Amino acid sequence: MTQVALQQMMREITDYLAVIDEKVDDILRAQKDAVLADMIGVDLVIEEAMTIRDQVGRVSDVTWSKVQGTALTIARTQGYAVRQLDALAQKLERKADLGNVAAAAREAESKVQEWLAVVARCIQLQ
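Positions in the sequence shown are counted from 1; adding 863 to them yields this note's numbering.
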């Protein structure tokens, strides 16, 4: 009986950990989405100013003030992306076994590409 009870308790713990893991993934995704949404918002503001400039020939003070206010958002987004890249690099540095490093590098490759694209877009927006 104790073996069955122990197995049941282990299943419950495993299920609970899976729920926690899913919630952590949701939180991380929401944080990432918020950072990227800020960058997309900056892109829209700059595109609006460019459209107005193309149609009118100049940018009004109101439109220019919107564009001026985007520098901090761009810098914060770029800083966040660089920190994500740094975290990935540190994770790789902690791997002692060469086989583990290779597997971790393959796993991190898409994330690195994604954050490098964010950094590149931030530079472009600047």
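Calculated directly from the structure, the hints in this document are not laboratory data.
There's no promise every hint is true.
If you anchor each label on the Cβ, the simulated ranges turn out as follows [to be verified]:
no. : residue 1 : residue 2 : range
1   : Gly962    : Val930    : 19 to 27 Å
2   : Asp960    : Ala893    : 50 to 58 Å
3   : Glu875    : Met913    : 24 to 32 Å
4   : Ile903    : Ser973    : 16 to 24 Å
5   : Gly932    : Gly962    : 42 to 50 Å
6   : Thr877    : Val922    : 21 to 29 Å
7   : Thr877    : Gln976    : 41 to 49 Å
8   : Ile915    : Arg939    : 23 to 31 Å
9   : Ala893    : Ser928    : 40 to 48 Å
10  : Ile986    : Glu956    : 55 to 63 Å
11  : Thr865    : Glu956    : 41 to 49 Å
Heads up, simulated EDC-like pairs for lysine to aspartate or glutamate below, C-alpha to C-alpha not over 20 Å straight-line [claimed, not checked]:
no. : residue 1 : residue 2
12  : Lys929    : Glu885
13  : Lys954    : Asp917
14  : Lys895    : Asp960
15  : Lys974    : Glu875
16  : Lys954    : Glu970
17  : Lys974    : Glu910
Quantities reported herein were computed from a predicted structural model and do not represent experimental measurements.
For glycine and all other residues, C-beta sits at the position ideal for the given N, C-alpha and C.
To see whether the hints hold, each was checked on the structure:
no. : hint                          : result
1   : Gly962 <-> Val930: 19 to 27 Å : 50 Å, violated
2   : Asp960 <-> Ala893: 50 to 58 Å : 34 Å, violated
3   : Glu875 <-> Met913: 24 to 32 Å : 57 Å, violated
4   : Ile903 <-> Ser973: 16 to 24 Å : 20 Å, holds
5   : Gly932 <-> Gly962: 42 to 50 Å : 49 Å, holds
6   : Thr877 <-> Val922: 21 to 29 Å : 58 Å, violated
7   : Thr877 <-> Gln976: 41 to 49 Å : 33 Å, violated
8   : Ile915 <-> Arg939: 23 to 31 Å : 25 Å, holds
9   : Ala893 <-> Ser928: 40 to 48 Å : 30 Å, violated
10  : Ile986 <-> Glu956: 55 to 63 Å : 26 Å, violated
11  : Thr865 <-> Glu956: 41 to 49 Å : 44 Å, holds
12  : Lys929 <-> Glu885             : 38 Å, violated
13  : Lys954 <-> Asp917             : 46 Å, violated
14  : Lys895 <-> Asp960             : 30 Å, violated
15  : Lys974 <-> Glu875             : 32 Å, violated
16  : Lys954 <-> Glu970             : 11 Å, holds
17  : Lys974 <-> Glu910             : 27 Å, violated
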